[in-house]
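Quick note, the sequences are listed as chains A and B, same order.
Our numbering puts the last residue of the first sequence at 110; the count rises by one with no breaks.
Our numbering puts the last residue of the second sequence at 113; the count rises by one with no breaks.
By construction, these hints were calculated from the structure, which means they are not laboratory data.
Backbone N, C-alpha and C fix where the C-beta goes; we use that ideal spot for every residue, glycine too.
Where hints are given, some of them may not hold.
[To be verified] Chain B is faced by these chain A residues, among others (derived, beta-carbon under 7 Å): (1) 28; (2) 32; (3) 42; (4) 100.
[What the hints assert, rightly or not] Lysine to any residue pairs mimicking SDA-like chemistry, simulated, CA-CA at most 20 Å apart: (5) B:70 / A:102; (6) A:42 / B:103; (7) A:42 / B:97; (8) B:101 / A:107; (9) A:42 / B:26; (10) A:42 / B:111; (11) A:42 / B:42; (12) B:101 / A:60; (13) A:42 / B:38; (14) B:57 / A:107; (15) A:42 / B:50; (16) A:97 / B:5; (17) B:9 / A:40; (18) A:42 / A:95; (19) A:42 / B:54; (20) A:97 / B:42; (21) B:57 / A:95.
[To be verified] Covered stretches of chain B, as calculated for chain A (at least 3 residues, CB under 8 Å): (22) 31-43; (23) 97-103.
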Amino acid sequence: GESVGLHLPTLSVQEGDNSIINCAYSNSASDYFIWYKQESGKGPQFIIDIRSNMDKRQGQRVTVLLNKTVKHLSLQIAATQPGDSAVYFCAESPPGKLIFGQGTELSVKP
Amino acid sequence: NAGVTQTPKFRVLKTGQSMTLLCAQDMNHEYMYWYRQDPGMGLRLIHYSVGEGTTAKGEVPDGYNVSRLKKQNFLLGLESAAPSQTSVYFCASSNHEDNEKLFFGSGTQLSVL
């Protein structure tokens with residue numbers, strides 16, 4: 001069946017380092033992808049999105065890369081801060097649907 | 001602008017009891033959704049609505065009912081709660097033009113004993 005998976009369930013990084021969170025998707029018809037951040041006890045918060053006609057999109061300290069050839073999505077966080085500690089999950093959108101991955105927990109060490 | 005507001009934040013039910021989760025959004029969004037989030041399962045869509053007076057089933061609708069009597073409100077009902085419905089419930093909304101970009105509430109932690 002359809003699935004959006006994450007390569008690592010947990011990721012620990014040193015404060016100030018860059019973080020890379022990966023996501024594999026399975027639906028070739030997906031044309032829109034989103035990264036969400038979910039802090040403990042809160043709802044998911046939109047971070048950044050990308051359409052399938054793009055390979056890269058940058059935001060403030062975050063970059064999303066899309067490789068359609070291997071159906072891979074990544075979120076890069078520059079200069080990771082303690083406030084970045086959260087669960088990050090991707091979502092893919094084939095027409096008419098939105099499929100969420102299970103999440104990667106990012107832990108930032110001071 | 002509060003965004004998406006859910007009430008209550010926590011609730012404990014006994015098996016067989018009923019309750020209604022309330023969701024309100026002040027962004028004038030057309031689309032509203034109810035998801036449940038369980039460990040290892042990700043977010044799963046229960047029901048959704050594309051406008052006032054309309055609702056549709058999502059991925060896991062059994063045991064739940066919904067109503068969208070007003071554009072800003074989306075109610076999720078459990079008529080006879082079961083332990084399998086222990087979960088964190090999230091309401092979300094989106095606008096018509098950018099409907100995949102969801103704005104989420106802060107969640108309701110529900111335990112059914």
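*Please name the hints from earlier in the document that this structure breaks, with their numbers sorted from lowest to highest.*
1, 5, 7, 8, 14, 15, 16, 18 and 19
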